[in-house]
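> Produce the entire structure from the sequences given, and follow the hints as far as they go.
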Amino acid sequence: MSTAPATAAFATPPRRRIPGFAALFLRKPVAVGALVVLVLLVLAAVAAPLVAPYDPIVQDTSATRQGPSLAHLLGTDVLGRDLLSRIIWGARDSLGGVALAVVVMLAIAVPVGVTAAYVGGRVDRVIMSIVDVVMSVPNIIMTLAALAIFNNSMTAAMITVGVLASAAFSRIFRSAVLATRRELFVSAATVMGLRPLQIMVRHALPHAGGVVLVQASLFAAATLGIQTGLAFLSFGPPPPAPTWGGMVADASKVLATHPWMFIPTGGVIAIATLALGLLGDGIRDANAERFTAPTRVRGLEQNRAAVDEVVPAAEEPLLAVRDLTIGFGDRGALTVVDSVSFDIAPGEVVGLVGESGSGKTVTALALLGLLGGSGRVTGGSIRFDGRELAGDRKAFAEVRGSGIAYVSQEPMTALDPTVRVGAQLIEAVRHHDGCSRAVARRRALELLEAVRIREPERVLRSYPHEISGGMAQRVVIARALAGRPRLLIADEPTTALDVTVQAEVLALLRSVQRDTGMAIVFVTHDWGVVAETCERALVMYAGQLVESAGIDDLISRPRHPYTRALLASDPHGARRGELLPTIGGTVPSPADWPVGCRFAARCPLAVDACRRAPIALVDLGAERTSRCIRIDALVAEEKGATA
Amino acid sequence: MTAPVVSAVDLAVDYGSGRARRRVVEGVSFDILPGRTLALVGESGSGKTTIGMAVLGLVPPSAGTVEFDGADITALRPAERRALGRERQAVFQDPYSSLDPRKTIGYSLLEPARLHGASKADATSRARELLARVGLDAGAMRRYPAQFSGGQRQRIVVARALMTSPRFLVCDEPVSALDLSVQAEVMNLLTSLQRELGLAMLFVSHDLAVVRQISDDIVVLQHGRIVERGPAEDILTDPRDPYTRRLIEAAPRLDRRAPVESGKKGAPHAQL
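As you go down the protein sequences, you meet chains A and B in turn.
In terms of numbering that gives the first Met the number 0, the first sequence opens at residue 0 and continues consecutively.
In terms of numbering that gives the first Met the number 0, the second sequence opens at residue 0 and continues consecutively.
One or more of the hints may lead you astray.
As the list claims (entries may be wrong) - Under the rule of at most 20 Å between Cα atoms (straight-line distance), these lysine to any residue pairs were calculated in the SDA-like manner: (1) B/102 - A/21; (2) B/119 - B/85; (3) B/102 - A/201; (4) B/119 - A/201.
These aren't lab readings, by the way, just hints derived from the structure by calculation.
Nothing here was measured: the structure is a model prediction, and the numbers come from that model.
Right, here's the structure in full:
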């Protein structure tokens with residue numbers, strides 16, 4: 000086969016330049032606003048002698064209890080002192096105290112938390128015991144004691160607050176680092192020969208950085224509350240020294256006669272607290288976005304094949320999907336499944352094949368009305384048994400379970416771990432049959448027997464974690480059968496299972512299908528599973544159906560270059576030391592779908608006409624379709640290969 | 000007779016402690032000669048990944064030894080063990096967590112080489128060379144892992160593993176998280192690099208079909224013990240142990256069809 004060699008075909012993707020941290024942060028207006036507020040407050044505090052219009056302690060008895068005016072922008076207090084000047088000077092004490100507490104907290108909590116997590120074992124246990132002891136100390140009493148011992152020193156109080164808080168934050172930082180310790184890149188660094196300290200500093204700590212920043216800003220906000228609260232209670236610098244808390248206390252004394260004074264004094268505390276919290280959120284979000292690929296969204300009205308011609312099956316189909324289009328994001332603007340049409344006849348077993356990004360799972364979920372997140376059907380129809388389902392929540396709810404059932408990839412996550420298997424099955428039976436518990440229990444036992452579980456009574460009494468993965472998948476299948484569905488959608492039902500268990504589950508699905516006559520749609524990437532279980536297969540690529548055919552025809556005579564290439568890369572035919580034919584390149588992401596054939600960039604047979612305009616799905620007769628205009632060349636190569 | 004690069008001698012590994020302690024690997028011995036690939040095959044719970052970790056020194060053996068160039072790695076001093084990092088590298092299953100998402104590809108590639116004493120210029124030129132070898136251009140150095148697909152990341156991981164010119168590579172399910180077509184690319188890359196560089200390789204996999212392409216010898220594991228071992232072709236074409244036979248038989252194959260019987264005949268849910 001004339002596919003390009005694996006090594007030459009890849010260039011690094013030219014798109015998706017990820018902006019730096021600063022650029023991402025600047026895109027968050029709220030966080031930027033919060034930062035500006037904090038910077039202004041800090042600058043004003045630092046440059047208080049220059050910017051404060053009045054001396055904060057000089058009284059002007061001619062101008063007491065004034066509201067805002069040009070002379071006193073924020074008014075004056077009961078002794079005629081300028082409130083703006085007092086707030087600016089007071090910021091030194093309040094913000095300085097907060098900064099001190101945060102620095103003390105971080106200086107203790109970060110090294111302690113990281114060491115406990117990274118060294119682990121006995122060191123971890125000893126550190127965490129100490130942390131527990133510190134956490135049990137009553138904070139307020141200790142802080143008041145520090146004030147008493149150190150002659151009403153706010154500095155001592157803030158250091159105490161930082162030290163006491165460091166215990167709780169050590170725990171938070173420890174768990175953040177523990178999470179990264181299980182990452183494979185940390186294992187890789189260990190194998191590489193990095194020292195534990197190097198791993199901590201280079202890989203574990205930066206990973207926990209987002210958590211540290213967010214926690215530090217939240218702690219700062221909380222500490223501002225403590226600092227101003229203490230000042231309100233007349234701890235710290237004695238009057239007439241300006242403090243934010245002290246000013247609120249003054250304001251509260253004249254609340255009835257001069258309510259205005261509350262607004263600037265309380266307001267500055269509220270604004271500073273809010274700004275610290277919002278800043279933390281912004282930093283965390285910008286930091287997270289930096290290391291995850293962004294998704295770009297392009298308009299919906301892109302390249303769509305003019306008309307998709309689909310020949311309806313001879314029999315009345317059980318499920319008829321026409322031009323199904325699914326979008327994600329804002330109003331479904333990013334199309335991920337593009338005009339997919341197919342029929343499923345009663346009792347038919349059909350494979351829906353594709354690689355990640357092909358849209359196969361999204362299509363399957365849409366058939367159940369279970370699109371998650373921002374996904375929605377933006378066009379086309381889904382008719383089940385003659386009834387239109389697309390866009391009709393009520394219809395979906397009625398059909399789901401009793402008409403169309405679903406089996407997912409991970410049996411263990413499909414079952415509720417806190418509820419016994421029996422209760423989950425009985426619940427499903429009663430939902431569909433509305434029968435008594437006793438009747439439902441009998442039917443649950445029948446269902447477990449139908450999925451060839453040998454000791455149904457014992458399994459009914461078990462919790463999901465007490466049974467094996469294969470057994471759990473049988474239970475999930477039994478539950479799916481509870482509503483006597485006429486169509487089962489099985490999304491990679493055996494991918495998470497061991498091969499020997501997979502063989503059993505596939506055999507089970509086949510026999511259940513024979514017994515009940517229900518149709519099955521197998522969503523899978525495994526050609527072996529398709530070949531052994533399906534009568535017909537639909538191949539998807541980049542959101543489109545590219546080929547459909549009976550299974551024998553599809554595997555022995557593929558009529559789309561993608562199908563052919565995907566079949567060839569199946570490792571079952573490999574020989575020791577020989578290279579497998581590969582496709583080269585990558586599946587284009589939905590934002591980058593080309594105008595013409597979506598496979599053209601990776602296709603050895605592509606010509607200019609392939610790239611120029613959308614390619615329609617063409618009926619080839621004998622119940623086959625293909626979205627390719629180079630079938631002649633494909634057939635010629637096939638003949639050449641066999642001749 | 001060439002001396003093996005890596006040997007496991009009567010290796011046993013326990014997990015848990017106290018009463019919860021249980022043996023997950025028992026009495027496993029094998030040698031890997033220079034330029035040869037040994038595949039460890041088994042289902043979940045067979046202990047194959049644990050053996051790979053023990054060989055890398057990531058879990059301590061409870062009994063037996065792992066030898067590198069004839070020296071017991073558990074008896075090495077920490078500095079000596081770290082120096083082994085130059086000779087011995089790993090490619091893990093999940094390409095998404097194998098690279099530090101906060102470091103550029105260039106940083107990740109240079110780190111092992113710089114750690115083992117390469118100059119910045121030498122390390123950079125080797126990184127470019129290896130990126131080209133795994134099919135990526137040098138522009139990749141400035142990017143972050145999130146900007147690459149799973150297959151591209153796994154190729155970067157392979158390049159990183161080769162930065163220090165190791166003699167021994169452990170691959171733990173290196174392609175099982177990848178799509179079929181990408182899987183073939185990465186397997187081709189590993190197969191040809193192994194031959195070009197004469198690497199000794201321990202290839203851990205649940206998939207006998209994948210193993211066929213790369214391995215010289217196969218060890219089949221069940222519940223932490225070896226059930227069958229031998230040259231790859233012998234095991235794959237003429238398995239002796241019933242468990243190995245079941246493993247091979249159970250894997251779905253393209254050339255085997257289920258008897259297609261149309262379910263349309265049966266009355267819906269006749270028996271239920």
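> Take a quick look at whether residue 119 of chain B and residue 201 of chain A sit within 20 Å of each other, Cα to Cα.
holds, 18 Å
> Measure nothing beyond the straight line between the CA atoms of residue 102 of chain B and residue 21 of chain A; if it is 20 Å or shorter, mark the hint as holding.
holds, 17 Å
> Within 20 Å, alpha carbon to alpha carbon, are residue 119 of chain B and residue 85 of chain B?
holds, 16 Å
> Compare the distance between the alpha carbons of residue 102 of chain B and residue 201 of chain A with 20 Å, and conclude whether the hinted pair is satisfied.
holds, 9 Å
Of the hints listed earlier, there is not a single one the structure fails to meet.
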